[in-house]
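Letter by letter, the chains look like this.
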Amino acid sequence: MRLWIYIARRLLILIPTLVGLTFIVFALTHAGGNNLILAEYINPRLSGPAREEAVAKLTAELHLNQPIYVQYFYWLAEVLKGNWGYTNTPIFSGSVTQAIALFMPNTLSISLFAALLIWVIGIPLGVFSAVNRDSVGDNAVRVTSFGLYSMPIYLIAVALILALGVYLKVLPFAGVVNPLLVSNVPWYHNGISYPTHILLIDAIIHGDWVVAGNAFLHMILPSLTLALGVLAGVIRILRASMLEVLDQDYIKLARAKGVPERAVYNLHARRNAILPTVTFFGYTVAGLLGGAVVVEEVFNYPGIGYWTTQALLNNDVGGILGSTLVFGLILIFTSLILDIVYAFLDPRIKY
Amino acid sequence: METQKTEYEADRFREIKTSLSVFFSNKGAVVGLVIVLVYVVDALLVQFFPQALGLKHPYTLVSNYVNPVPQPPSASYPFGTTFPGVDLFTSILKAVRVDLGYSLFVVLLGAFIGTVLGVISAFAGGIVDEFVMRITDIFFSIPYLVLALAIGFVLGRTLDNMALALAIVWWPIYARYARGQALSIKEMTFVEAARASGSGGGKIMFRHILPNVLPPIFVQISLDLGTVVLVFSVLAFIGFIPNANVPELGYLASLGLNYVATAPWTVLFPGAAITLFALAVNLVGDGLRDVLDPRRRS
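Just so you know, the sequences run in chain order V and D. Counting from 1, position 53 in the first sequence corresponds to residue 53 in my numbering; the numbering is continuous, with no gaps. Position in the second sequence (first residue = 1) + 351 = my numbering.
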């Protein structure tokens, strides 16, 4: 029962956070001045009285002449209706919601792939490092993760491109697919695949295994870069939490009553050590989303991050704040879900 | 009275000696400190005596459009050149000053705002506390890189604004941290004693609580500096500053990105310079954390 009270309280905290997020995005939209907002709607070639007329009409339409706190509610109402404004970048120009629908699937697919890699690489390494504390292997893991932690993510990306893409030539490192493979495919136009916009899934739907394989190969390097960028933190936390768990009385009891070491690690210790890292996954998600901005830029991978950098380079306020809002929403809701999952998993949590 | 004072001083001296010996017994921290000092000396030389390093234009990049294509490392260009004909070695020497200075600015400003707000929030409690903590929640609900990018964009895409935007994004970490520290210190007996002897709220907050919150904050600063310098260079790398002609390590790395397959040194050398610095700062931060850890002191 008290679990439900905790969840209800957690949901209640969601409200001020959402209001705060939308308020920050709104405030930033307006801090740039009305001209930046109007620029998204007005044809730049328009001049003279025609331009003034258009400006006046839009100012009234967008309520830009109202007091700022009134404007917030008008803006919020539009956002809730799904009107997030316009974006104008070389890779996409149109409504922000359309851009998000187009780019989000790519970001989600490489982020999820990266999260999977973190899970598969990070947890065994963190557990291994704690179990063999101060051994050669532990020191190797610690030095490597310390080094990775100190590397800017673009350097990781470039190092992987050079090693696996340029010298070994085993993996492609630009775009989502080899353009020659999709030049004559009916469900792929102008760099957009239909119906889900995730090339890998669309190719499987249409039974085109060559394209699907190629799309998967293109996903590996961006995802691996993202994973390596966040991995060091995960290993560190997991190692510390595993060491703490191994020091607990019930582990000593298990050892004293003759449970084999392997079972102590795998059955008793590991599950409890992983629990704190679940909340740490909030940090991981933030790292993945922030990292996606750089990774997609380096690999020309058309996701939200690539769109954000393109918007930045083209002074496109709609794109930058649209992506800020959507990144914020993803992070808020993933941490909500993780907190609730954590509350279910760990009976010791204080409500 | 006199003996009491010298005794106090002797205690103080012994404590500093223990701290130093804990720090210097950590080999990694000492290596880190040496590397950090090299970077600091370089930054100071570029700032005050650029002639000593043979730099004619210490604050801008020198392009050579006659030969813009990246050249491999050679005797005259120890780290090679990057597009457009920029000598990497001297540019990295210049860039250290920019990266070091701005990241220090970001961390110190963030730490200042955060610590003040955190201590006030812990001390005032109630609705003030709730309000400040909800604001930090909101800041944590947006990936910091994206938020810094958006704030910096609105402020205007310059180097100064980029640093300011990062500081605005960075203070909530310190607010939470300082609040946590202040909450535990608030309950200690010496604060109670101060209150019993008639000290006012402001005096307790700034004379008694703040000095005890600061040491862990300084450790946090040294641990954060490594992260901030990376984020700073990443923002410059993705092209935050239009038509930049500043020597900044992330920007330097981005210049050669189109040539990276044939000229890997264009990205690897600036990247390595920043990695080495972040690594050294992190090592020093780890050493400082040991100094404050009571388990290591005994």
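Treat the hints with caution; some may be incorrect.
As the list claims (entries may be wrong) - Label pairs and their in silico Cβ distance ranges:
id	chain 1	residue 1	chain 2	residue 2	range
1	V	Trp4	D	Leu395	57 to 67 Å
2	D	Phe440	V	Gly147	18 to 28 Å
3	V	Glu244	D	Asn563	24 to 34 Å
4	V	Gly147	D	Ser414	26 to 36 Å
5	D	Gly507	V	Thr97	43 to 53 Å
Said to hold, decoys possible - Some residues of chain V that are not near chain D, with every Cβ distance over 10 Å (derived):
id	residue
6	Glu61
7	Tyr69
8	Ala77
9	Ser150
10	Leu155
11	His206
12	Glu297
Simulated from the structure, these hints should not be mistaken for laboratory data. All C-beta atoms, glycine included, are put in the ideal place defined by N, C-alpha and C.
CB-CB spacing for D/Asn563 and V/Glu244 relative to the 24 to 34 Å hint
Hint holds: Cβ distance 26 Å, inside 24 to 34 Å.
18 to 28 Å was suggested as the range; check whether the CB atoms of D/Phe440 and V/Gly147 agree with it.
holds (23 Å)
Do D/Gly507 and V/Thr97 keep their Cβ atoms within the hinted range of 43 to 53 Å?
Since D/Gly507 and V/Thr97 have Cβ atoms about 28 Å apart, the given range 43 to 53 Å is violated.
Could one say that the CB atoms of V/Trp4 and D/Leu395 fall in the range 57 to 67 Å?
For V/Trp4 and D/Leu395 the Cβ distance comes to about 60 Å; the hint holds.
Verify this label for me: V/Glu297 is non-interface relative to chain D, using a Cβ-Cβ cutoff of 10 Å.
violated (5 Å)
Assertion that V/Ala77 lies outside the chain D interface [Cβ separation over 10 Å]:
Correct as stated: the minimum Cβ-Cβ distance to chain D is 21 Å, above 10 Å.
Is the Cβ of V/His206 farther than 10 Å from every Cβ of chain D?
holds (33 Å)
Assertion that V/Glu61 lies farther than 10 Å from chain D (Cβ):
holds (23 Å)
Least C-beta distance from V/Tyr69 to chain D larger than 10 Å
Since the minimum Cβ distance to chain D is about 18 Å, V/Tyr69 lies beyond 10 Å and the statement holds.
Okay, V/Gly147 versus D/Ser414 on CB: inside 26 to 36 Å?
holds (33 Å)
10 Å cut-off, C-beta based - V/Ser150 kept clear of every residue in chain D
violated (4 Å)
May I ask you to check that V/Leu155 keeps its beta-carbon over 10 Å from the closest beta-carbon of chain D?
Check fails; 4 Å does not lie beyond 10 Å.
Violated hints for the displayed structure, listed by number in ascending order: 5, 9, 10, 12.
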